[in-house]
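Enquirer: Each chain, written out:
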Amino acid sequence: MVRIRNLRKSYGSYQALRGLTMEIPRGELFGFVGPNGAGKTTTMKIIAGLMRADSGEVVVADRMLSGKTGQIREMVGYVPDFFGVYDDLKVQEYLEFFASLYGMDGKEARRRTAELLEMLGMTQLRDEMVDGMSRGMKQKLCVARALVNTPELLILDEPASGMEPRYRRQLKELLQELCAEGMTILISSHNLNELAEMCTSIGVISKGRMVMQGDVPTLLRRQRETNPYVLQCLSFPEEAIQILKSDPHVKNIASSGTNISFPYDGTEEEAAELLTALVAKGAQIVSFYREEGSLEKMFLDMTTVP
Amino acid sequence: MRHLNPVYKIGLKQSARTKKTVVLLLVYNLLLSGLGLVVFYLTFDRAGRVREDVAYSGILTLYSVMAAMEFVMILFIVPASTAGAVAGEREKQTLDILLSTKITPFHIVTGKLAASISMVILLVISSMPVLSVVFCIGGVTVSALFVFLLLLVVTAVYIGSFGIFFSVCCRKTTGATVCAYLAMIIVVILLPGLLFFFECLEAFGSVGYIGIRNVMNTISGKRTLFLLFNPVISFVSMLRDQVGRGISIMNSIGSEGGLFYFLSRHWFAASMVSQLVVSAIMIALSAHRLNPTRKGWKSGRSG
Numbered sequence: 001m002v003r004i005r006n007l008r009k010s011y012g013s014y015q016a017l018r019g020l021t022m023e024i025p026r027g028e029l030f031g032f033v034g035p036n037g038a039g040k041t042t043t044m045k046i047i048a049g050l051m052r053a054d055s056g057e058v059v060v061a062d063r064m065l066s067g068k069t070g071q072i073r074e075m076v077g078y079v080p081d082f083f084g085v086y087d088d089l090k091v092q093e094y095l096e097f098f099a100s101l102y103g104m105d106g107k108e109a110r111r112r113t114a115e116l117l118e119m120l121g122m123t124q125l126r127d128e129m130v131d132g133m134s135r136g137m138k139q140k141l142c143v144a145r146a147l148v149n150t151p152e153l154l155i156l157d158e159p160a161s162g163m164e165p166r167y168r169r170q171l172k173e174l175l176q177e178l179c180a181e182g183m184t185i186l187i188s189s190h191n192l193n194e195l196a197e198m199c200t201s202i203g204v205i206s207k208g209r210m211v212m213q214g215d216v217p218t219l220l221r222r223q224r225e226t227n228p229y230v231l232q233c234l235s236f237p238e239e240a241i242q243i244l245k246s247d248p249h250v251k252n253i254a255s256s257g258t259n260i261s262f263p264y265d266g267t268e269e270e271a272a273e274l275l276t277a278l279v280a281k282g283a284q285i286v287s288f289y290r291e292e293g294s295l296e297k298m299f300l301d302m303t304t305v306p
Numbered sequence: 001m002r003h004l005n006p007v008y009k010i011g012l013k014q015s016a017r018t019k020k021t022v023v024l025l026l027v028y029n030l031l032l033s034g035l036g037l038v039v040f041y042l043t044f045d046r047a048g049r050v051r052e053d054v055a056y057s058g059i060l061t062l063y064s065v066m067a068a069m070e071f072v073m074i075l076f077i078v079p080a081s082t083a084g085a086v087a088g089e090r091e092k093q094t095l096d097i098l099l100s101t102k103i104t105p106f107h108i109v110t111g112k113l114a115a116s117i118s119m120v121i122l123l124v125i126s127s128m129p130v131l132s133v134v135f136c137i138g139g140v141t142v143s144a145l146f147v148f149l150l151l152l153v154v155t156a157v158y159i160g161s162f163g164i165f166f167s168v169c170c171r172k173t174t175g176a177t178v179c180a181y182l183a184m185i186i187v188v189i190l191l192p193g194l195l196f197f198f199e200c201l202e203a204f205g206s207v208g209y210i211g212i213r214n215v216m217n218t219i220s221g222k223r224t225l226f227l228l229f230n231p232v233i234s235f236v237s238m239l240r241d242q243v244g245r246g247i248s249i250m251n252s253i254g255s256e257g258g259l260f261y262f263l264s265r266h267w268f269a270a271s272m273v274s275q276l277v278v279s280a281i282m283i284a285l286s287a288h289r290l291n292p293t294r295k296g297w298k299s300g301r302s303g
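Chains as they are written, first to last, in this note's numbering: chain A, 1 to 306; chain B, 1 to 303.
Quick caveat, the hints were computed from the structure, so don't treat them as lab data.
A few of these clues could be false.
Pairs of lysine-lysine, PhoX-like flavour, derived with a Cα cap of 20 Å [to be verified]: (1) B:K9 with B:K20; (2) A:K172 with A:K138; (3) A:K107 with B:K102; (4) B:K9 with A:K90; (5) B:K102 with B:K20; (6) A:K138 with B:K92; (7) B:K20 with B:K92; (8) A:K90 with B:K13; (9) A:K297 with A:K281; (10) A:K245 with A:K172; (11) A:K90 with B:K295; (12) B:K19 with A:K90; (13) B:K13 with A:K107; (14) A:K281 with A:K245.
If you want the footprint, here are the derived chain B segments under chain A, 3+ residues with CB under 8 Å [stated by the list, open to error]: (15) 14-26; (16) 98-107.
By construction, the Cβ of each residue, glycine as well, lies at the ideal position given by its N, Cα and C atoms.
Next up, chain B with everything else stripped away, as it sits in the complex (with noise of 0.2 Å):
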C-alpha cells in the first residue's frame, strides 16, 4: 500500500463513508435485479406458458438487455462522481492546501479520477450475481463477461477523464455537472447523430430517398472513424461479437479495405484503444490546468 496515491487512497474512505455510496448500491442492484427478473419472467415462465416452449436463445437476450442497463447507468452516474471531484476540493477550500504539499497535480487528477470510477467499478462488482443469472442456461462466456468488465471500466475511464477535465476547469460542482453531462452526450448522441444526419443526405444525394439500411449500408469509412470514440457503439460491437447481435455499420466500413477492413474486425480493441488515448489527454490536460505556477492560471484575487 506504500506507493498508492494518497489521494485515491482518502477518496474511498471518504466515499466508502458516505450514506450516499449504500443508497446507491441498494439502488443500482435492486434496478438491476428487477429488471432482470422481468426478463427472465417474460423469457421462460411467460413465454413456456404461451407458447408452450421456451426459446433458450432468449438468455442472450437477458445479458443484452441488463449489460445494456448496466452501461447506461454507467454512462449516468460517471460524470456526476468526477465532476465533483477536484471542484468540490475547491468549494471546501482544500484545494490550495492538497496543490501546497508535494503531490504533483498529475497526481491529484490520476487519484481522484480512480477514487470516483472505483466507486463505479464497486458497483459493476456488486451486480456480478446478479448479472452472471446468464449462466444458469448458457450462452455467455466468463471470458465475454470479463470483456464487458472491460468496457465499463475503459468507459468510466473515458467519460470520467472529461468530468474531471470540467471539474478543474469549473469553480462550482454544479457548472462542471453540467459541462460533464454536455460532453457526454455531445460524445454519445449527438457526434453520431451528426454523423448520421450526413450520412442521410449523401444517401438521398446519390438514391433519392433515405432508409436506415440504405444509409447504414453506403456509410463512408473515413467520417466513421469518429465512431470509435463513442463508446454506444464499441458497446454495441462488443455485443456483436459476443452475441452476434450487430449492426451493419462495420461491414459497410470493412468493404473499403486496408485499415478499414481490420478495424472493422478489430473494433471493440481499436474504440478500446482510442478512448483511452483521448482519456490520456484529458488527463494530462486536467493536470496541466491544474498547476498553480503556469502562465495563464487564473486564480481568486487575495489581499
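Chain A extracted, bound-state conformation (with noise of 0.2 Å):
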C-alpha cells in the first residue's frame, strides 16, 4: 500500500529524514516507533500529501507521489498531533463539514456521519458543541473526521495521547476492527505495549533512517532470543556454578540475590539439558525462564544514542 524509497527532507541544515526506506502492506496495522525528532510525523506528512520530500520515492496505492496530490488525498486520512478542530461547530456540524470536503452532498453527509457517531459510540453528542467536549472525545472526533472518506489508508500521529484507558481500548479495538476490513493503517505512538499490542506490524525509525521492520511476533521473538535466561533458586552449591561456568552457551553470569542471570546462545533444548545438569548437581531451582521481549527494550535497543 506505501512503498518509500530513499526518503530525503531538511528543515534548513537539519536533516529529518536520510534516506529512509519502508514498505507498508496492504491491510496492515502498522506501528511507526521512534524517539522524538526521528521524523515520523515528516515522513507521514509527506504520505499524507502535505509536504514535499526533497528527494526519494512514496508510491501510495500504486500512485506515485507527486506534485498532484488530489488523488491520494482522496483515499487517505490524517490525524496529526492535535486536534484541529472547530470549536464553533455541533459535532455533527464539523463531520459533515469534512463529508462535504470530500464532495458529498447534503444526504449523503449526514448519512456517513450518522454511521462514523454510531462506528465510534458518539452518537448522543451529535449535537453537542466541539467546544464542550472533553479531550478523549476531541480525540475520538478527529479518528471520526479522519473516515469520513472511507480511506484506503488511515495515518494516526499520536492519536491515543491523553486518552483515558476506556476510550484507548475503543480506539484500539476500533483500529483493528477496520484493518481486519482491509484498511491499511499507520500509527505512531509512545505506548509501545499498546503498540505491540494492536499492531500487525512494526518499524523502527531512528534519525530519519529505518532501523528495523517487521511484523511484531516475528521481531518479538527475535529480541527475545538475545535476552538473558534467569535462574530463581533456594540454593545454588559450588558444583552448579561450575557447570554454568563451563557451558560455552553461557556469557557474563550475573548475580543478584537468589536469582542469576546470564546470556545465552544456545538452543531450548541446550538450555533444558543446562537446567538438568544444574539440578543433578544439587540446585534448588524454583523458576528458569529466558526473559520476555518487549517492544520497549527493542525500541532502546535500536534508538539507544552510542
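Reassemble the complex: the two chains are provided individually, in unrelated frames, and hints are given to aid placement.
Expert: And the structure:
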C-alpha cells in the first residue's frame, strides 16, 4: 500500500529524513516507532500529501506521490498529533463539513456522519458543541473525521495521547476492526506496549532512517532470543556454578540475591540439558526462564545514542 | 446548494454565530443612521430655518456623504476580516487538516474570501434602508444605487484579495492584519500620493509654481493609469458619473486622446475590470502559496 524509497527531507541545516526506506503492505496495522525528532511526523505528512520531500520516492496505492496529490488525498485519512477541531461547530456539523469537502452532498454527508457517530459510540453527542467536549472525545472526533471519506490508508500521529484507558481500548478495537476490513493503518505512538498489542507490524525509525521493520511476533521473538535466561533458586552449590561457567553457550553470569541471569546463545534443547545438569548437582531451582521480549526494550536498544 | 464551496458555507455559519457580527451590524448601521440624520437635518431642517428655503440638491450631498462613509468602512473592515481567514486556520491548527482533504488550495482561498466578503455584503445590504433615505427627495436612481453596490463588492474583493494573500503568507493573524492594512494604505494613499508628488515637481519645473488646479490640469496620462488600481479614484469617478461631482483629473487624461480618452469616459468600468484582474492574480498567488507540495513551501519542523 505504501512504498517509500530513499526519502530525504531537510529543514534548513537539520536533516529530518536521511534516506528512509520502508514498505507497508495492504491491510496492515503498522506501528511507527521512534524517539522525538526521528522523522515520524515528517514521513506521515509527506505520505498525506502535506509536505514535499527533497528527494526519494513515495508510492501510495500504486500511485507515485508527486506535485498533484489530489487523488492520493482522496484515499488517505490523516489524524495529526493535535486536535484541529472547530470549537464553534456542533459535532454533526463538523463531520458533515468534512464530508462535504470530499464532495458528498447534504444527504450523503448526513448518512456518513450518522454512521461514523454510531461506529465511535458518539451518537448522543451529535448536537453538542465541539468546544464543550473532553480531550478524549475530541480525539475520537478527529478519528471519526479522518474516516469520513472511507480511506484506504489511515494515518494516525499519536492519536491516543491524553485518552483515558476506556477510550484507548475503544480506539484499539476500532483500529483492529478497520484493519480486519482491509484498511491499511499507519499509527505512531509512544505507548509501545499498546502498539505491540494492536499492530500487525512495526517499524522503528531513528535519526531519519528505518532501523528495523517486521511483523510484531517475529520482532519480539528475535528480540527475545537475545534476552538472558533467569534462574531463581533457593540454593546454588559451587558444583552447579562450575557447570554454568563451563557451558560454552553461557556468557557473563550476573547474580543478585537468589537470582542468577546470563545471556545464552544455545538452543532450547541445550538449555533444558543445562537445567537438568544443574538440578543433578543439587541446585534447588524455583524457576528457569528466558526474559520476555518487549517492544520497549527493543526500541531502547535500537534507538540508544552511543 | 450542492456545488456551493463548503469552506464558504462553513465560514458563513461560523461568522453568523459570533457576537462580533451582531455588534458590527449594530455599530455600522448606528453610525450610518446617525450621519444620515445629521446631514438630513443640516440640509433640510436647519437650512430651511436659517435661509428660509431648502436646497433640494442637498440630497445629493447626503447621498455622497453616506456613500463615502460606507466606502471608507469597507476599506477599514475588509483587511481585518480577510487577514485572519487562513492565518486563523493555521493558528487553530485546522489548516493542515483542510489541506489533507480533497479540497484544493484554490477552493480554500476563494471560500475564505467569499465568506469574509459576504459579511461585508451583509453590512451593505443591512444599510440599504438607511441609504434609501435619498429616494425621499429624488435625484439618485435605483440603478445608481446598484452601481454603488457593485463598487462596494469589487472594492471588497480587491482589498480582500490582498488580505487573503497576506493571510496565506503570514503565520499569525496579527502579522497578516498589519500587512493587509499596509497594503491597503499603499494602494489607496501612498501610490496616488507619490504620483501627485511627482506631478507637483513636474508642474513646478514647467510653470514655476504649484497649485492643485494647475497640477490636476497638467497631470500626465500614462502615469495616471496607476490610478485605475485605486478604489478611491473609482469611487470618485462613480460619484462624478452619478451626481456630477468629480475630479478634473479625468479631463486631463482624456485630453491625451486615443485609449486615454476612452478611459476618461469609462474610467469607472475600466477601474472595476483592472481591480478584478489584480484580485484574480492575488487569489491565484494565494492558492499557489497555500499548496503544501509546491517547491519552496515552508512548513514548521516536524518530528
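Enquirer: Does each hint hold? Answer for all of them.
Expert: Status of the hints after comparison with the structure:
1. B:K9 with B:K20: Roughly 18 Å separates the two Cα atoms, so the pair holds.
2. A:K172 with A:K138: Holds, at about 16 Å.
3. A:K107 with B:K102: holds (19 Å)
4. B:K9 with A:K90: holds (14 Å)
5. B:K102 with B:K20: violated (31 Å)
6. A:K138 with B:K92: Holds, at about 14 Å.
7. B:K20 with B:K92: Holds. B:K20 to B:K92 sits at ~18 Å (cutoff 20 Å).
8. A:K90 with B:K13: holds (11 Å)
9. A:K297 with A:K281: Violated: A:K297 and A:K281 sit about 34 Å apart, past 20 Å.
10. A:K245 with A:K172: At roughly 46 Å apart (the allowed maximum being 20 Å), A:K172 and A:K245 break the hint.
11. A:K90 with B:K295: Violated, at about 37 Å.
12. B:K19 with A:K90: Answer holds: B:K19 to A:K90 is near 17 Å, not above 20 Å.
13. B:K13 with A:K107: The given pair, whose Cα atoms are some 18 Å apart, holds under the 20 Å limit.
14. A:K281 with A:K245: holds (14 Å)
15. 14-26: holds (count 3)
16. 98-107: Our answer is that it holds, as 7 residues pass the Cβ test (under 8 Å) against chain A, meeting three.
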